[in-house]
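As you go down the protein sequences, you meet chains L and X in turn. Under this note's numbering, think of the first position of the first sequence as 1, with each following residue one higher. Under this note's numbering, think of the first position of the second sequence as 1001, with each following residue one higher.
One or more hints might be untrue.
Okay, derived cross-link-like pairs now, DSS-like style, lysine-lysine, Cα gap no bigger than 27 Å in a straight line [what the hints assert, rightly or not]:
1) X:K1320 to X:K1114
2) X:K1272 to X:K1215
3) X:K1285 to L:K59
4) X:K1072 to L:K36
5) X:K1272 to X:K1025
6) X:K1272 to L:K59
7) X:K1025 to X:K1215
8) X:K1272 to L:K66
9) X:K1285 to L:K66
10) X:K1285 to X:K1272
11) X:K1114 to L:K66
12) X:K1025 to X:K1114
13) X:K1061 to L:K37
14) X:K1025 to L:K66
Hints are computed from structural coordinates only; laboratory data are not their basis.
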Amino acid sequence: MALSRRKFLNGLLGIFSLGGMAAVMSPVIQYLTPVKKQETAVSSVVAAKANELTPNTGKLFRFGSKPGILIMTPDGEYRAFSAICTHLGCTVQYSSEEQQIWCACHNGHYDLNGNVVSGPPPRPLEAYACFAKGSEIFVQRQKS
Amino acid sequence: MLKKITAWVEDRMDLSTVRHLMLEKTVPKHRYTFFHLFGGAALFLFVIQIVTGILLLLYYKPTAGEAYKSVKFIITQVPFGWLIRSIHSWSANLMILAIFLHMFAKYFLKAYRKPRELTWISGFILLVLAMGFGFTGYLLPWNELAYFATRVGTESVGATPLIGHWLLQVFRGGEDVTGATLNRFFAIHVTVLPLVIIGILSIHLLLVQAQGMSKPIDVEEKGKIPFFPNFMLRDLMMWLGALIILLGLATFLPWELGRPVDTFASAPAGIKPEWYFLSMYQILKWMPAALAGIPGELIGIALINIGGALVLLVPFLDRKASREERSPWFTIFGILALVFLVAITVYAKLY
Ligand code: HEM
Ligand code: FES
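Construct all of the structure, not just a fragment, from the sequences and the given hints.
What follows is the structure, given as structure tokens:
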């Protein structure tokens, strides 16, 4: 007989041990995986008061649980983006001096349309729609 | 009295191995004997970490709401709390420095060659664990710099192919760096890493004891130094030196606490990681957005991992040293690696 009893039993033992290991690891892995939180997806927020920004400045605002950045271009136009750098996730800021959006972590630069000018970020910042209503500036997720 | 106690124990247990270790262990004497002192320095600083870490635990609170306040309490209210925290932070840095010096010293002595491959490998694991201590500990005061460092660090883990996103979530305890991340880092820093490092360190030290001290290839040996007490006293001098430097730094340059985390603030200008992560940071910064369609950060992280793997595999790459032949190429390569590491670190610090 090619398969001796010993080999057969050892093989069986191996399979059982693997099964046992899987039975232990599976709950542990699931325990380690964080529980998904129900995020109430905000679709629009008030980002600033109408007179808060002057041309060539910017501010951060809360967009749900994430930071967003609202800027007023030197021409006085409002633009809004996600403030999370597309490189490794730092929070960006507006640099009035360079008239660009800047990430301090690895010196990433974005232009006033959120497109990458220089540095390691791979993608443009996610752009939001913004509009003035009454004395407030609203920011809204763009429908794709 | 001591004799009586020894005799009592001896009566019940064979102490000959211990006696052999204490009395017969020798260290080869040559030009580079002092290269054997850095491992001991790392060990000494590690003990300081354990002691001061336990002391910090008495007041530290690992929650997003309390962490910063509790550290502030330690350094402003608790008698000598500022000193304990400052020693813990400085000693962490000095320990990693000592580990690097130890590694390069052993590298240039070719101490990794057969039969000490496992000593080298266990040592490499210790280096990675020590950096893990640094990374997880950095976040615990829950200050602004640490918050962004953790966001960047965990995000780069997320670039790992296939399981990256899962790993990122496991480290962060969710999609973002939050109080859940702090809880996980705390658990890793004070339970997982100490247990694992003590296990690996035991193997490392056991191997060193079992195999005795290595001799460099082709270096004239001028006899042997008994370990106990002669070499032990040199170790003690080294520890004293380390202690003086440590206390000087901790007292006159108390470790800063920085500003508390504000999850809706921009990353501050000039933000940089601790010095031992600067080389990796600079590599990530230099990477373009993409090269030949592969994301830049993935290339950067792959390069860092390849570098680590090369260090890990040195004993198997240097075949000549394993045959007790000189391997000048490895010496040259080591010097180049050292110069590169220092240069890139200084560059990253300055620019
Ligand atoms: C927590 C970190 C570490 C501690 C506490 C530590 C401790 C020690 C001690 C006390 C010795 C004996 C004294 C000496 O030779 O300096 C030693 C030897 C050694 N260590 Fe480490 N070590 C650590 C990390 C490392 C690393 C990162 C490496 C290299 C990757 C390494 C490689 C070696 C080698 C090859 C020896 C053998 C020495 C010989 O026989 O010449 N160790 N270690
Ligand atoms: S995280 Fe913004 S440039 Fe790297």
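Do the hints match the structure? See the list:
Between the alpha carbons of K1320 (chain X) and K1114 (chain X) the distance comes to roughly 10 Å, so the proposed pair stays at or under 27 Å and holds. Note on K1272 (chain X) and K1215 (chain X): the hinted pairing is violated, with a Cα-Cα distance of about 40 Å set against a maximum of 27 Å. Note on K1285 (chain X) and K59 (chain L): the hinted pairing holds, with a Cα-Cα distance of about 25 Å set against a maximum of 27 Å. Restraint check for K1072 (chain X) and K36 (chain L): the C-alpha separation of about 33 Å exceeds 27 Å, so the hint is violated.
The hinted pair formed by K1272 (chain X) and K1025 (chain X) fails the criterion: a straight-line CA distance of about 45 Å is larger than 27 Å. For the hint pairing K1272 (chain X) with K59 (chain L), the CA-to-CA distance comes to about 23 Å; that is within 27 Å, so the pair holds. Our distance criterion of 27 Å between C-alpha atoms is met by K1025 (chain X) and K1215 (chain X), whose separation comes to about 14 Å. With a C-alpha separation of about 23 Å, the suggested pair K1272 (chain X) and K66 (chain L) falls inside the 27 Å cut-off, and the hint holds.
Taken as a hint, the K1285 (chain X) and K66 (chain L) pair is honoured in the structure, with Cα atoms around 24 Å apart against an allowance of 27 Å. At roughly 11 Å between alpha-carbon atoms, K1285 (chain X) and K1272 (chain X) fall within 27 Å of each other, so this suggested pair holds. For the proposed pair K1114 (chain X) and K66 (chain L), the alpha carbon gap of about 54 Å is over 27 Å, so the pair is violated. Taken as a hint, the K1025 (chain X) and K1114 (chain X) pair is honoured in the structure, with Cα atoms around 20 Å apart against an allowance of 27 Å.
Taken as a hint, the K1061 (chain X) and K37 (chain L) pair is honoured in the structure, with Cα atoms around 24 Å apart against an allowance of 27 Å. Using a Cα cut-off of 27 Å, the hinted pair K1025 (chain X) and K66 (chain L) is violated, with the two alpha carbons roughly 61 Å apart.
Hints 2, 4, 5, 11 and 14 from the list above are not met by this structure, while the remaining hints are.
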